[in-house]
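Asker: So the chains spell out like this:
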Amino acid sequence: MARDIIGISAFYHDAACCLLRDGRLLAAAQEERFTRRKHEARLPVEAFRFCLEAGGIGPHEIDAVGYYEQPVRKLSRQLWAGAREAAPVELGWLDPGLPERMIRERLGFDGPILFFGHHQSHAASAFDFSGFSEAALLTVDGVGTWTTTALGRGSTDGIEMVERVSFPHSLGLLYSAVTAYLGFPVNDGEARIMGLAAYGNPRFLDALRALIRMESGTALGYELDMRYFDFVRGDRMFSDALCDLLGAPPRAPASALTTFHQDVAASVQALLEEVLLALVVRLHERVPVANLCLAGGVALNCVANGRIRREGPFANVFVQPAAGDAGGCLGAAALAHRARTGERPASRRLRDLRLGPRWSSEEIADLLRDTGLPSKDFRGDQSGLLRSVAQRLAARQAVGWFQGGMELGPRALGARSLLADPRDPGARDRINAIIKRRESFRPFAPMVLRARLHEHFDLDTDSPFMLETCQVASPLALPAITHVDGSARVQTVDPDAAPRLAALLEAFDRETGCPVLLNTSFNRAGEPIVCSPIDALFTFAESGMDALVLEDFVLDRDQLPASWADLLPAWGSNRAEADAAGNAIDHNLYTFV
Amino acid sequence: MTDAPDTPTAGGQAVKARETRALEDALAALLAGASASDERDGGDDARRASSDAVARALADPSGLADARRLQQTGALDPPRARSAASASESQARSPRPISIWRPKGAPDLPSDARVFERPAPKPFGDHYADRRRIRAAKPAGTRRVCFFGESVAAGYLYAPTVTPAKLLARALRLSPASTPGPSAEANAWEVVDLARTNERLDSLVSTLEASLQLAPDALVIFAGNNWTLLESPEWSSYAPSVRARLDVAEVLGGDANDPGRPDLWKLVSKAARAVFERGVQALARVARIADAASVPVVMVVPEVNQADWESCQPVPWLPATEGAARPTTLGPTTLGPTMQWHQLYEQAELMLARALESDTPDAAAGEELESLARAMLALDDGLCPTSFRLLAEAHRLREDRAAASEACRQEIAACHYATLAFLAAPQASPMAQALMRRAAAHHGFTCVDLPRLFGEATENALPGNRLFLDYCHLSSEGMGLAMAAVADAVRGCTVQERTNGSSPRPEVVSALVARVSPEVEATARLGAAIHCAHRLVSVRDPGPLLRTLLKQAIEASPNVIDTMVDLVDARTSRVAARTGPARHCPAVLTAAQQRMLGTGLTLGFQHGWRYPYLDVDVIEAIEATLEARADPRAQRVRQHVLRLAVDRCGDRCGAMDLLADGYFLARPLERLFPDVVPSPGQTGRAFLRTPWPTTRFVFVMDQPEALRFEIVARQPKQNGLAPGTVSPTTVSPATVSPATVSPATASPDRAASDRAGSHLETPATRLGVEINGAPVATVRLAASDAGSGQSSWQRHEVVVSASALQHGINRLTLRWPPISLDGETALRAAVDRLRRGIEADLHPIFGELATLRCDLIRQKSRFNV
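Heads up: the protein sequence lines correspond to chains X and R, in order. So the first sequence is residues 1 to 593, counted in the working numbering. So the second sequence is residues 1 to 865, counted in the working numbering.
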């Protein structure tokens, strides 16, 4: 009989659920994709239902649930910090029994629930899916329970943490504080700082070094100078002292970005990289092995990841691709598997994140028949489909690409993607105008056939999850995916792992001589990545994208009924109104509840 | 019998008290530190030790309860917000928005040049009138009436084409017969429609105050239906607010140190008082605003549908009390008053169904039904509207209209928000009506009393389908009648025109009704059928009401038949079985919706078009209505339904999921309303819970052939207590005669159901399974008990032969076993949870269902995978 373990992360941000069957990751999804509320924090009820359906099991067949943190420890930190919330007289967070009670009463699970440390879960999520038999472990995030940075060792015997840095000293919160200073939302805008950094000169690096003190000698820890921060019991992330240090007031959200802001972004990015590199060097001294595993929200900083791999002491680096709290469910499940069986859950590296809901072509056909929308049916004709899509892309069309299981984590990797021609100098502005509405300084990422990687990018390793940057080294001009500093956050596509996506790149190559595509996530600004084909149709209608590929079917915008594209947004806005409440993220301050 | 709890010694109590005080002090100190700006070093070891200790203490239920008690005193509140005064000042500044109409142009624009503009109306309707712009300046010689209220006032189901405000404007322009022909100027009226669906008192008064920027000549308020549901949401054990739950615990359970017997009446009285006080204060504010501006107010007292609407709710937990019924026994199980109530209800439901089969009222059946209803009332003490509804039906069978009407009003009064299991329909309670009448008299408002007016117009028939489309929303005739009377009242208090003082002139009403186009009337009636199917949980079969509405729709415009068929087409549109909210294709995506557009017969949001339910009652009513007309399109309806046949609807494993998202529930609303309408911050649930002893599903067969059902179910805990826990109860001699609790004689159409037997005759741990009214299996349920080491969920496989099935729509009924836990224990457990800030059920939960799938037996079973 199969042993089914459920992993859950919830009640902070990016709630998610996964199913581990006999140690193999069978299904995983973030709750936000179902509820359509970005960063959904609530118990992942829909993701749980999906996992049970994917596993063909009922709640009575689950062996155990692993939960990604320890509620009492988290409450201790919240109490210490005097946690804030939107309705402070409510104090709902005072109840550390809530996660267990919700799992019992809302998911109906009445078996054993195992609680693990937040960073222990992060560490397991990286190590147990890395394929390494031993590795040094580094987890870095804003804050979970008390720990904000943890360093450890993973082996077949398990995971051992050798050093921790505790709240309020947090590299993630340092980065978030500068994110807030630069007028971007905390816990959402950090990636924008990373993108903005490429435009700047790190002339404030020396000044910002005052924010953090690395311990001397071989100690692995660090401390923040709390004079510059106000996130403990304050109303904002940074204090006036940071403004004084940088010599300027904070930027108002949505106001103009100046060279100063670019330089501050470059400086904090340089500081982050500097500290992380120092940490991994010291970690290697303590855990002198060839492999490094990274997880935690800071591990989504792909520029830093690139430097760690290139300049750090470890020969091999594995970054858990859903490195934020969503991925915590993987670690919790892995730890629960160990606890129940005494065995390590997975021996092979995680190579595919398309672990979410999928729809067959027949199901798509049902949907399109019901809608009456004109579409081209390529069932049984994959080459025709790919040729048709490649031609649209070559004609500078923006194409929604919906194929297979939905990705776990923040990156679209070719299952729920928006694709375009990277050679098109106008593609970035156009995609921003029609759907993404991102700041113009943010780059779009390329995907490339694995076998053709070296022809176009200065990267000597696979990058299937788009987790590090490298320099573009292509004979082709690829302006739509090349950042201002000549870098790109590349995804390599392996024909064995993603045959249809690889075949599309080949078809595009045949059509244009370019085996690279621009790939960005299939969602509108402020919304989660699409989950279902219905979400895809809504997003298609509400954006200006030119074509939509749903499995074997292609829909063209110019073939749609005239009224249809007006009516769907009307329905969607009503939907959004109904769902407006419930997003737990406070964009002024990292919410500690 | 359970063991008595340990009696704490005096010394033990002192220790406990010291621990509690220590916890409270430490918690208060930690939270007070939240605002202390001088604690920035983060290195406070003592604080860390304290926070660790408090966190550990809060992990214990008693520690959490202690903390909540401290929270309730306000000792943990942050310093008060400082901006109240400035907010109030800014509100007083002009120009300011009037509802969603925002002032346009420079702030220093002369007030008479000001224009207020709302966002573009949405294609499928929204909560507000569709008028895009309102000019502050009135056209020369025009009198302006501002019109406020809830969905009834907004013309729900007819809006935006026809609204009470538009009819009022028309009525005002018609010359009254009782006065000499008025000049053209006297007949120049403008009605500004500021009514909105889901209106609440606070925002109504704010809108009314802001509307003075429009220099109105009269203010008309048509509200009161929403008060029960929207003005006391904090008085619920499901309130999203922790603070509110603590208040509910205090009222329901008394002082934590000296708890008495949980008293539901205290809770509902508290909620009623809250509504009453809000109403009084709001109307007093209206009077002050209107007096200050010297603008007359017309107050419309709403009437509600009594004849063709019902409020059927399951009874909350009933503690055994002095004078209550003797517990009956069922094998080894003792039934307390709550289960007795359900037993009586089941008999009454059967008896009523049998009586209604007759074309003529059956006085004898009425008397029998009254006996059952009064026995139920004796048990529930007037807490449950269902008993009053049955009493009303009994009086109707005996043709006692006055008594029936009185029972209906009691039914509405018994819809206490605090004890609702389902989202009830908004209806003005007798208290709200009385409050409005009294306020009108006290403040000098002109009162248009719809209960009186409608009574006169219908010769005191029970208000029903003639004047209402649903629970409170008016038909075109109802709107016409009401607005003609409002027009008389407005004229009376503005231009001092005298009317004859009674009902409006029939020709005015006729002229107003004539303004409603056949297409609008037909769409409203069809939309009402859908809306009623969603909101009506009834003692009676809803089919006749739905068929009446559909027939009226067709009489208004036969073209609506195509819309009906399109409705079925869209409702049976199936995106292959999926888990999650994206399971079914939203109507707006369907080709059927596209066809409706531009026909003048387009269903919008207000018609319940957005909800992903199958709406099987509506589909069956459409099919029956078309068949009765020998309309060949009935065949198309049947064909659409067959798209959902089990063999065409399976998931990847070939099985059909009957549980997903409530789509296949026969009555989607028959679930606890927090599970149906989750509020922000509240989490959904991965399984179905039912507060009724039966749960009904539908499924479709093309050709009857053997089916296999997979059921994963359990007996739930009741507020954390095992359902089988039996506590001693003190009971006094029965007030219910043995005759009233004996099984009722089966009616012909319920014969199959009776063969299955009463659910209360189901052994205490058996789940009964019925197909199309015939029993096919019973399965043994396990009780939810995490301590046993076994999962409380159990999987069952039930095979159903082809002979039990039929072509087309089939019904599956699950009959849950009774619960032997007594009401007082269950309510005490609820109070214990609420004291810790945790939501609690005030109703028994009969069953929990995690999986319900079916597939054809000839297919390879996915269940064995």
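Treat the hints with caution; some may be incorrect.
Unchecked claim - Straight-line C-alpha distance at most 30 Å; calculated DSSO-like pairs for lysine-lysine:
| # | chain 1 | residue 1 | chain 2 | residue 2 |
| --- | --- | --- | --- | --- |
| 1 | X | K38 | R | K122 |
| 2 | X | K436 | R | K138 |
| 3 | R | K122 | R | K104 |
| 4 | X | K38 | X | K436 |
| 5 | X | K436 | X | K376 |
| 6 | R | K104 | R | K138 |
Hints were generated in silico from the structure; no laboratory data involved.
Asker: Now, for every hint given, state plainly whether the structure supports it.
Answerer: Hint check:
{"no.": "1", "hint": "X:K38 to R:K122", "result": "24 Å, holds"}
{"no.": "2", "hint": "X:K436 to R:K138", "result": "45 Å, violated"}
{"no.": "3", "hint": "R:K122 to R:K104", "result": "20 Å, holds"}
{"no.": "4", "hint": "X:K38 to X:K436", "result": "15 Å, holds"}
{"no.": "5", "hint": "X:K436 to X:K376", "result": "26 Å, holds"}
{"no.": "6", "hint": "R:K104 to R:K138", "result": "17 Å, holds"}
The structure fails to meet hint 2 from the earlier list, while all remaining hints are met.
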